[in-house]
Amino acid sequence: MEANLNQQARANYDRASRLGQRDLSARTARGQRGYLAALDDITGGARPVAYMKQPQREISLSRVVGTYTASRAHSFADNFMPLHPPLSEFASKWINLCAIHMSEGLRDPVQVYEYLWRYYVVEGNKRVSILKYFEAPTVQAEITRVVPQLDEGDPDTAVYYAYLSYDKTGLFKNIQLSSAFKYEQLSRIEAGLMREGLPADVNFNAMYLQFESAYGQARRPLPLGDAFVEYLRVYGLPVGVVISQVKERIDLLAPQMELLSQPEAEPELVLSPVEKAAPGLISRLFSQRKSARVVFAYAAGREEDNWLGAHEAGRQVMQEALGEQVISSFADGLTPENVYGRLHEEAAGADLLLITTSSLTLPALRFALEHPDCLTLVYSRVRQDHRVSTYYGRYYEPMFLCGAAAGMATRTGCVAYITPRITYRRHTADINAFGLGVRSIRPEAKVLLVWRDVLPDEPESSAKGLLTAASLGADVAYTPLVKGAMRAEVPEHVFSLVGRLNERGELAQYLAAPQWDWGQYYTEIARSYLNGSLDILRIIDQGDPSVAGLWWGIGAGVLRFLLGKGLDTQGENLLKYLRDAIGRGHYNPFHGPIKDLDGILRVWENNDLKPYDILEMEWLCDFIQVID
Numbered sequence: 008m009e010a011n012l013n014q015q016a017r018a019n020y021d022r023a024s025r026l027g028q029r030d031l032s033a034r035t036a037r038g039q040r041g042y043l044a045a046l047d048d049i050t051g052g053a054r055p056v057a058y059m060k061q062p063q064r065e066i067s068l069s070r071v072v073g074t075y076t077a078s079r080a081h082s083f084a085d086n087f088m089p090l091h092p093p094l095s096e097f098a099s100k101w102i103n104l105c106a107i108h109m110s111e112g113l114r115d116p117v118q119v120y121e122y123l124w125r126y127y128v129v130e131g132n133k134r135v136s137i138l139k140y141f142e143a144p145t146v147q148a149e150i151t152r153v154v155p156q157l158d159e160g161d162p163d164t165a166v167y168y169a170y171l172s173y174d175k176t177g178l179f180k181n182i183q184l185s186s187a188f189k190y191e192q193l194s195r196i197e198a199g200l201m202r203e204g205l206p207a208d209v210n211f212n213a214m215y216l217q218f219e220s221a222y223g224q225a226r227r228p229l230p231l232g233d234a235f236v237e238y239l240r241v242y243g244l245p246v247g248v249v250i251s252q253v254k255e256r257i258d259l260l261a262p263q264m265e266l267l268s269q270p271e272a273e274p275e276l277v278l279s280p281v282e283k284a285a286p287g288l289i290s291r292l293f294s295q296r297k298s299a300r301v302v303f304a305y306a307a308g309r310e311e312d313n314w315l316g317a318h319e320a321g322r323q324v325m326q327e328a329l330g331e332q333v334i335s336s337f338a339d340g341l342t343p344e345n346v347y348g349r350l351h352e353e354a355a356g357a358d359l360l361l362i363t364t365s366s367l368t369l370p371a372l373r374f375a376l377e378h379p380d381c382l383t384l385v386y387s388r389v390r391q392d393h394r395v396s397t398y399y400g401r402y403y404e405p406m407f408l409c410g411a412a413a414g415m416a417t418r419t420g421c422v423a424y425i426t427p428r429i430t431y432r433r434h435t436a437d438i439n440a441f442g443l444g445v446r447s448i449r450p451e452a453k454v455l456l457v458w459r460d461v462l463p464d465e466p467e468s469s470a471k472g473l474l475t476a477a478s479l480g481a482d483v484a485y486t487p488l489v490k491g492a493m494r495a496e497v498p499e500h501v502f503s504l505v506g507r508l509n510e511r512g513e514l515a516q517y518l519a520a521p522q523w524d525w526g527q528y529y530t531e532i533a534r535s536y537l538n539g540s541l542d543i544l545r546i547i548d549q550g551d552p553s554v555a556g557l558w559w560g561i562g563a564g565v566l567r568f569l570l571g572k573g574l575d576t577q578g579e580n581l582l583k584y585l586r587d588a589i590g591r592g593h594y595n596p597f598h599g600p601i602k603d604l605d606g607i608l609r610v611w612e613n614n615d616l617k618p619y620d621i622l623e624m625e626w627l628c629d630f631i632q633v634i635d
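Per this note's numbering, the sequence shown starts with residue 8, numbered consecutively.
Rather than coming from a laboratory, the hints here were simulated on the basis of the structure. Quick caveat, the model's predicted, so the values are computed rather than measured. Some clues are possibly wrong.
Stated by the list, open to error - Here are the simulated DSSO-like pairs of lysine-lysine, each with C-alpha atoms no more than 30 Å apart in a straight line:
hint, residue 1, residue 2
1, K583, K602
2, K617, K471
3, K602, K617
4, K602, K572
5, K572, K490
6, K453, K602
7, K602, K490
8, K471, K490
9, K453, K572
10, K254, K139
Whenever a hint applies, use it, and build me the whole structure from the sequences.
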């Protein structure tokens, strides 16, 4: 038995040696380093900041890439296969260890240095070589971390220091991500998982190694660590999940990973409903449908007279307009925790799914990836980090008209825009469009952006902003509608308006308002699905990895500009003319020159800002005064 094992081990050495020689020759021919990497050579003798002993654990052999000293490096090719002659002392030791591995396994841990997410063997080079030959996925290791000097000019060390910060409390050891932002993202995901409660016996190291093995089989373009973060975002921790299930989910995530692996590109914006093409073209590109099952998804908190209630009223208008062509239903009371399960029950088999709340985007992405036959649309500005189509509106168009109405109405020459101060990314097209509308009528008017004491998700706090605006001289303001204020004057499903202020900072007169026409929007979306023209979203998605979104405006009838009775006839006529010009695409509110608060020229003279630049705008016009 022992002789047979030794004979097999010797044959294995011969094959391993040939693999090593082949790899050495191929790399040398390409002008590459053929021998095993040595940590001494990589660091160039630079003194590390620290050596930190780590707990013994199982590590991935794919991360074991070299040896500690250059003197050992020439014993192995770069793929860790042996290079010594078969009758050498080195070969004899390799063969003996190989026989032990075949009979009882190699149980002793190797000793490694960890440097920039990679491992370099201090003790156990032959054991690593044998395990790699047998394609073992992992090895037990005693680990010493070598912390390099922080070099601001070296992006690797900068990201590594972000990892060290994460590693103080992070769940996953030696996880390499592409940026510091990714570590922040992973920390937020882990914090959310911990709030939900983690099983006591979870082995996070084994979980990550299992994912690495599954991901290696899938051969996706996204770096391993980034792919794992994306998996956690969409599916959560793979607790109680076997490797075949992880692999299946990775395959479902392929479109999302393909998108994230590419350089950030400008998404496709569909700016108006696509007209029906000639029959011959339709037969080649689009598929007409006789009927459709449409499901609407509403977050918790829907009431008849609130924002979600307006969406439901729109669904009812759509259903009445299209009759038997559409069978519509809705899933109500959804939260990020229950939405996937509810959609799986209530929207499986649907043709069209409309997610009316952007906070449900992640579970919507999972549903869309797992149900590719259902066209899923999320109410959200188009996002470059989610392979899911969106529908949104060019809200800046009615906001420009609201600003023009405010410019006509002001007597003091001071107008205010009341909005909460938010800490997350703030897009500013609506604010700037309002200000430009004011200045188009009153070039010298003061435009105040008031967010002092105005709180997110608390419309009643807008009253404090109105009081501040009035104290600074504003007599007209755009504001979220305070509950009960002028309700008799304001049309249904209006949630913000332009109003005249009295000296106490109270709304005294309704002047104008922007309004979503959800009935028109949903009718047009469903009709476009039926006639096949909405397939343009799928056609875009089948090209280069990209995302696409509907971004319709006044011209499509999905946004309206409403006028009260506070302006004279000439002013109303001018506003209607501007509304029609914007709707036909004959006037762009962002026509240069326009500078920002830092004096940077954002729009050149006689130029119009492009749609995507408007959508992603985060700067403020130079004439806007921020009241914080």
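Each hint tested on the structure:
For the suggested pair K583 and K602, the alpha carbons sit about 28 Å apart, so the restraint of at most 30 Å is met. Taken as a hint, the K617 and K471 pair is broken in the structure, with Cα atoms around 36 Å apart against an allowance of 30 Å. With a C-alpha separation of about 16 Å, the suggested pairing of K602 with K617 holds against the 30 Å cut-off. At most 30 Å may separate the alpha-carbon atoms for a hinted pair to count; K602 and K572 exceed this at roughly 34 Å.
Distance hint between K572 and K490 is fulfilled; the C-alpha atoms sit about 21 Å from each other, no more than 30 Å. Our distance criterion of 30 Å between C-alpha atoms is met by K453 and K602, whose separation comes to about 16 Å. Proposed proximity of K602 and K490 is contradicted: the alpha carbons are some 36 Å apart, above 30 Å. A distance of roughly 14 Å separates the Cα atoms of K471 and K490; the hinted pair therefore holds under the 30 Å criterion.
Proposed proximity of K453 and K572 is supported: the alpha carbons are some 24 Å apart, at most 30 Å. Of the pairs offered as hints, the one joining K254 and K139 holds, with about 22 Å between alpha carbons and a cut-off of 30 Å not exceeded.
Figure legend: structure checked against the earlier numbered hints; hints not met, in rising order: 2, 4, 7.
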